[in-house]
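We have chain A; now place chain B onto it with these hints.
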Amino acid sequence: MAEHGLKPLCALGEAAPKAVTIGPVTITERADVALASLAPRRGREDEVRAKAAGIGLPLPGPAAAQAGAPLGAVWLTPEIWLVEAPFDSHEDILGHLKPVFGDAASITEQTDAWVRLDVTGRDLPRLFERLCNVDLAEVPDGFATRTVIEHLGVTLIRRSAGEVTLYGPRSSAGSLLHALEVAAVSAF
Amino acid sequence: MSQSHRIDGGQIDRSRTFRFRFDGVGYNGHPGDTLASALLANGVRLMGRSFKYHRPRGPMTAGSEEPNALVELRTGARQEPNTRATVAELFDGMRAQSQNRWPSLRFDALSVNDRLNTFFTAGFYYKTFMWPAAFWEKVYEPIIRRAAGLGSLSAKHDPDVYDKGFLHCDLLVIGAGPAGLMATLTAGRAGLRVILADEDFRMGGRLNAETFTIGDQSGAGWAEATVAELASLPNVRLMPRTTVIGAFDHGVYGAVERVADHLPEPAPGQPRQILWRIYAGRTVLAGGATERPIAFPDNDRPGILLAGALRAYANRWGVAVGKRVAVFTNNDDGWRTAHDLAAKGIEVVAVIDPREDGPEAGSLRAIRGGEVVATKGRLGLTEITVRSGKGRLETLRVEALGVSGGWNPNVNITSHHRSRPVWDEDIAAFVPGAGGPPGLMAAGAAAGRLSTHGALASGQAAALEVAEALGKQATADTLPQAEDAPVNIRPLWQVAKEGRAWIDQQNDVTVKDVKLAHQENFTSVEHLKRYTTLGMATDQGKTGNVLGLAIMAELTGRSIPETGTTIYRPPYTPVAMGALAGRSRGREFKPFRLTPSHKWATEQGAVFVEVGMWLRAQWFPRPGETHWRQSVDREVLQTRKSVGICDVTTLGKIDIQGTDAGAFLNRVYANTFATLPVGKCRYGLMLREDGIVYDDGTTARMGENEYVMTTTTANAVGVFRHLEYCRQCLWPDMDVQIISTTEAWAQFSVAGPNARNLLEKIVDQDISDAAFPYMGAGNVTVCGGLRARLFRISFSGELAYEIAVPTRYGDALIRRLVAEGKEFDAVVYGTEALGVMRVEKGHVAGNELNGQTTALNMGLGKMVSKKKDSIGMVLSQREGMVTEDGLRLVGVKPVKPDGKLEAGSHFLPIGARPVLANDGGWLTSKVYSPHLGCDIALGYLKGGTDKIGQRMRAVNLLTGLDTEVEIVSPHFFDPEGERLRG
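Protein chains in written order, with my numbering: chain A, 57 to 244; chain B, 4 to 985.
Chain A extracted, bound-state conformation (with noise of 0.2 Å):
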C-alpha cells in the first residue's frame, strides 16, 4: 500500500480484478499495467526510436504489438504508441519515461483511461465473430487494431491463437464485460 492510502478500484468496480470463465474462454481483468502513448514531436522521429532502443521499448509498426521485460508497445496510429508496463515497478509511467525522451516525445499518462480485458481459451475466433470484424483467424500473433465491440472503441491485440488482449474505455468496463459475456454464452 502506498502512503498515501488510497485504495484503488479496478475498472469492474471491485477492489479485485475480476475473472470469468464461460465455456472454453476465460476472461481476465488485468489492473497490474501501466501505460503511456508516446508520440515523437515533428521531425524527432530518429530520435525517440533511437531513445527507446537504448532502454529495450519495441516501437512495432503499423497493426502490431511487441511485448517485452519491462516494455512492451502497441502501435495506435501513425506516431503513435501505447507504451505497457509493469503496474508495481512503473505506477508513475511519466517518471520513467519522460526523462528518457525528454523533449523528443509527447508522453501522456494513460494507465487509467482503458480497461484491459485478457480473453484466453480455444476457439476465439468463434467469440469474436460475434463481437468485431477482426478477422481473428487469419491475423497473425501480435497483430493490434483498433476495432468496435457493441459501440465501444476498443483496442485489440491477438497475442496467440488462444489469448487476446482488449483495451476498452475504462468507464465502459461493465458494458465490455456484458458483450463478452453474452457473446460467449451465445457461440459456446
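Mixed in with the good hints, there may be bad ones.
[Said to hold, decoys possible] Output of the computed footprint for chain A on chain B, the stretches with three or more beta carbons under 8 Å from beta carbons of chain A:
(1) 169-177
(2) 582-595
(3) 730-742
(4) 803-811
(5) 814-823
For the record, the hints were derived by calculation from the structure and aren't laboratory data.
All C-beta atoms in this analysis are idealised placements derived from N, C-alpha and C, irrespective of residue type, glycine included.
The following block gives chain B in isolation, referenced to the frame of chain A:
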C-alpha cells in the same frame, strides 16, 4: 390424424413422429418436414386467405418464394405473423394459426370482398378515398388499417435474443444446389476459405426434389456425400438455414442465420437468429431459379401449385398433394412432374401442353395445344376445364394441378447494385446482366444454366476463375455424369379467357388489374408496380413479377426487354426486426459509462440521469426528503454556505502537447491562448467554421508545451475528432500531439467558501490564494504522495477547485473528501444542483450552446479575437450575426416571486398578441433558485442588453404559461465575482 397423403420415399425421418397443431387441430409429421409438407401430408391444402379478396389459398410453392401459405407461427410472445409454411421447419409441439380471416379459415366473413371484386380493382384506394379530405385521417385510414395487413402481432416483448456477427472468406457461395456445391468443392479442395450459405435446412437445392442421378448416385445422394466431404474441410464453413439477404458495398454481404427457429425455443443464451456481415473476396451466386405460373381463370385455388413444387413434395417429402393430378406446362420441365408423380403411383389424368410439339408422352395422356380455362373448388381444387387445341372443352376431376410457365433465374442479388438483368430468348427468362456487385458472378440456374450438368460445370468454372484471380491453384476434376436436357419452352403468359386470372397471388393482382393500369397509362413497370401493387407483398413478387411485366409487354406491344424489370432490393426474403436490432434493445441499446464515484453514489442512494452514455448522479436524497427539489435546494444552499463536492469526470479532457501546441490552440479557440502562462488556465470558446459557437471549456497550461483542454460532456468526442481533423488535415505541418484523457482521471469539483479549507487537508502542497491564485493550474500530490492535478476554476461562482487523481483512486478520493469534509458539513451534489448554480451564475451550457448561437448572442462577443485568425472568426463577423438588436443572453425573473417560468417559453411584450411578429426570443434554461427564492431563467432576447430592467411576458402556448417577467443581468449571483476569487 393419419397422414392420408403421405406416400413412400422422401428425405424425412419416419422413425420419429412430431405432433403439431394448426388452427387448434392436431396432426402428425416427421423430422425433415416443413409445416406445409406436413399439412399437405395430412390432406390439408387450405392454409391461408389472400390479402385483398380473402380468397382461400394453399401453398403454391415449396420454398421461400411462397406467396400464399402464410401463417402465424408459435403462440404468446413468440408468435410471429406472415411466416411461410413452406420453409417453416417442423418441430415437435409446433403451433400455427391461419391469419387474415374471421371467424375461421373455412368461413371468412371478409371474403365478401371477393364478391365485390369489381370495386376493388387496381387504383381502388386512390380513386375511392379522395373526398372529403376531412375523412382521410378520421374515417378512411382507420377503416383501411382494420381491413389491411395479414398476420397479427402479439404486442408482447420478444423474449428471444438476436446476435450479429462478422465473417471473412475468400469465396462466398450463395446456394447449395449442384452449382453451389460444385463451386464450393472445387474452391475448398484448392484451399480457399469458403463459406457456403443456403437458406434451406438441408443442403442440395433442387437435387433433393428431383429424381435424376449424378454419376452413379441419386442427386440427393450426391449432394449428401458432397456436403459430408465439405464438412471435413477445415477451410470450408457450411451455413445451412442461412439466407444471404443482400449485396452491400465493398464485398460485404448480409446474411440471416436461423439458429433456433427449428426448435421449440432457443436454449438459454442461444440467439434465435444471427445477422451476419460477410466480407467476401469473391462471391458465386448459385441461388437457383424460381418457377413461374401461367395466368388462367381462377388459377389460385388450394391444390394448384407450381409443377416443380408438386414434384418436390412427392420426391423430397413423400407427399401426394392430390391423389388425382394434372399438369399444365408450356415447357419440357413440367413434364418431369407428371413422370415423377406417375412413377410414385399417383394418378396423372393429363398433361396439358399448349405446344403441339412437346416431348413424348409415353403412357401419359397429353392434351397438346391445350390450355386450362377454368377451375372449381371453393376451398380446394376439385376440377379443371381444359380447352384442347381444337377448341373442345373437357372437364377433369383433379385434386391438384401442377403449373409451369418456365423458370426465372434468381438474379435478385446480382441486381442489388442496380445492374439490370437481360432477357435470354432461349430460356424465355431474365439472366444476370453486366455491372453487378464487383467480385460476384452467377452460376448454375441463377445464371440461366438450367440443366444439372450446366449447373455443375458452371459452378466448377466459377470456382476455378475465383481461384485463379486469388492466385490459388485449383483443379478441374472430371465432372460426374448428369442430365443436360435443353430448355424447350414456348412462352405462354396468360390464357385468353374471361375471368380473373391471378398474377401476384399474395397481393391479389390479376390480369384485369394490369389491363386497367395499361388502359390508364400506367405502362412503365415502375408505375405498374405501384398502381397495381404487383410485387409489393412480403414475397416481393418472386413468382409474379415477370409474369406481370410480360403481360404488360403484350398489351403495349413492346418486347419484354423493352418493358424491363423493377429494381431488386435487399432483403431477399423478409427479415425479423429483431435480427436487425440484434442486442441493441432495452437497457442494452447502448453501453453505459460509469463515473469513478458511481459505486459510492449508488451506496448513497443517488438518483442517476443519463447524459449521453454516462450515468451521472442527479441528486442525493437524504432521509426525510420526499421531493427532488428538497434534495437539490439543500445541495445548493450547503455548497454556497460551506462546501460541496461534485464528480465532474464526464467533462472531456484532451492532452495537447508539442512545440506548436499554443499556436494550435490559438487557431482552434476564438480567444487568445498563446499568452497563457504556465500554471494557469483560461476559459476558451470554440467556434465552428460558420462562426456559430461549438463548445467551451477551460484549458490549462501544465508545461511549456503541454496543455490540458476540457470540453463539455456532450461534445467531448466531437471536439476530439475536430482537433484531430485540424491537426491531420488543416495544419499537418504543426508539431502537435493530442490524446484523450477523459477516462484516465477522476475529477471532482470542490466548491464553496470552505473549498480551500477542505482541500488543504488533502493536497500536500500550499494552495493558499497567493500560492495557487484564481485560474491557477498545476500538478500536485494528495494524501501524502498520490499524483494529482489541481485547477482553480469555478462553474458555480464559488471559490472552487477541480482536483483530479488517476481514475482507480477516484472512489477512494471521494470517500476521503467526504470524510475530511465532515467538519465543514460538506455536501456532495449532483447535476441538478450543478445546473442551478451555473444558471444563478449566468454560465452557458448545452441549452445555450444549441448550434444556433454566436459568442455575441451569449454576451461573449469580445472574446472573439480579431488580432489573430481562428476557426470561425471571419464568418462570425457576418452582417446578420453582428446586428445590434440581435439575440443577447439575459436573466429572467418573475415579477411576482411565485410566478412560474418554463424553458422554451417565448418573450412577448406586455399586451402583445402571441404571434411570430411579436416574438422576442426564448427562455433557454430555467431553475428554481433557493438563493433567490424564486424561479429564474436564462434566455436569448432580441436587443436583450438594452432591455435589462424592463418587463415582458414569458409565454408558452403549449402549456398555457403566461408570466410577467423582469429582464435582468444573467449574473444573478455575485455578479462581481468576489466569491470565486476569495
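Structure-based check of all given hints:
Coverage of the segment 169-177 of chain B by chain A holds in this model, with 3 residues showing a Cβ closer than 8 Å to a Cβ of that chain against a need of three. Counting residues of the segment 582-595 of chain B whose beta carbon lies closer than 8 Å to any beta carbon of chain A gives 5, which reaches the threshold of three, so the coverage claim holds. Requiring three or more residues with a Cβ within less than 8 Å of a Cβ of chain A, the coverage given for the segment 730-742 of chain B holds, as 5 such residues are present. With 4 residues carrying a beta carbon less than 8 Å from a beta carbon of chain A, the segment 803-811 of chain B meets the three-residue requirement, and the given coverage holds.
Counting residues of the segment 814-823 of chain B whose CB lies closer than 8 Å to any CB of chain A gives 4, which reaches the minimum of 3, so the coverage claim holds.
Of the numbered hints given earlier, the model fails none.
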